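Novice: Single-letter residue listing:
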Amino acid sequence: MSSEDRPLTGAIFEESAVLTVRDLSLLCAVEERHIVEYVEEGVLHVAEVSASEWHFTGAALRRTRLALRLERDLELNLAGVALALQLIEELEHLRGKLEARR
Amino acid sequence: MEFKDYYKVMGVARDATEAQIKQAYRKLARKYHPDVSKEKNAEAHFKEVGEAYEVLKSPEKRAAYDQLGRDHTAGQDFRPPPDFGSGFEFSGAGDSSYSDFFDSLFGGQARAGSRSARGASRPGRGEDHHAKVLLDLDATLHGGARPFTLRVPEIDAEGRLVSKERTLNVQVPKGILAGQNIRLAGQGARAPGEGTPGDLFIEVEFQPHPLYRVDGRDLYLDLPVAPWEAALGATVKAPTPTGTVDLKIPAAAHAGTKLRLKGRGIPASPAGDFYVVLQIALPAANDDKGRAAYLALAQALPFNPRAALGV
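Sequences listed follow chains A and B, in order.
Taking this note's numbering, the leading residue of the first sequence gets 319, the next gets one more, and so forth.
Taking this note's numbering, the leading residue of the second sequence gets 214, the next gets one more, and so forth.
Don't read these hints as lab results, they were simulated from the structure.
Worth double-checking, as some hints may not be accurate.
Simulated restraints, written as ranges between beta carbons of each label pair [to be verified]: (1) T338(A) to G372(B): 33 to 39 angstroms; (2) L405(A) to G337(B): 47 to 53 angstroms; (3) A465(B) to E371(A): 29 to 35 angstroms; (4) K461(B) to S334(A): 34 to 40 angstroms.
Bear in mind the structure is a predicted one, so any value in this text is a computation, not a measurement.
C-beta atoms are modelled at their ideal positions from N, C-alpha and C, and glycine is treated no differently.
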């Protein structure tokens, strides 16, 4: 049952998904309040506000999971998580540029 | 099974205070955290440190562990004594990736149910699983099925958390980028009873490609050209993901000149671009004919490549 003949198909999550606070909280198994705190602290960015609801892009899932790992493993507070994420992103961007221009 | 010296892993003395242990953990966690670290084997180190901290930060586990430590040294073959842990109560341990040594002492049982304790959960629905795979670039350029071997945590018949290997044949969506996830519905954890299983999220990273470098959705190729091709302009062949193309090199091109082939990068939406970066390759002057040709060029062209340096 493990390796079937016909390959499993799935969509690229980041391209198809529009996520609400509730979606993110369920996907990451955290309280909705925690997601709201992430937005207030600038850890997560709201892509769109519609009908009094926040919408996130699919990429917010990876970001939230990363933030939760940093918070738990490094015992960071929210401001620390926001700073670490910002620096990690900058580093990823620079490493990408470096790689392309090597 | 090998005895693990958690004090050595943490780099603290056996009589270290709780504060010292916490400090050591924070320092090592920052050093080896897989999301932050570029150290070799960061993930393995990080897990080891996490496991050591899990034991040493809890007074009960530490006391139980210390009792054993008196008779064992690191690497020594080890079997837990039958009376281990009696009189100590363990609960709420963390991750699913600790060593057999840890499991033999503190057991998988305590941890099995603890993962969803963090917050929201969907009743009647299995947990989502997350995995990371290293993919060849061709998979996103052309699409196609790839076998992924994943390690999946499962609860066995005795209620213990075990890690099982599982191979899935997955159709890679064309145009997926590094850091993006393939979501496979219903391939996560089974739900208790009649509920729906969770989903499986597979995050993609790329192996280095022999020809192309990747920056987001753009691809880069270093293309060697002869000095006369660069100076006079030429049409040369260049490999691209969609086949060999004839590329027009403009006259007076130099090393580092970047030519863009729009939309020929990773076929995401929108598609990335393909950049050709020119490199000037010099023919060797290892016979008389070659030397004569270089000398003729030197005489015909008064040229100081160091003029800008003022020498």
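Novice: Does each hint fit the structure? Answer for all of them.
Specialist: Results of checking the hints against the structure:
| no. | hint | verdict |
| --- | --- | --- |
| 1 | T338(A) to G372(B): 33 to 39 angstroms | holds, 35 angstroms |
| 2 | L405(A) to G337(B): 47 to 53 angstroms | violated, 40 angstroms |
| 3 | A465(B) to E371(A): 29 to 35 angstroms | violated, 57 angstroms |
| 4 | K461(B) to S334(A): 34 to 40 angstroms | holds, 39 angstroms |
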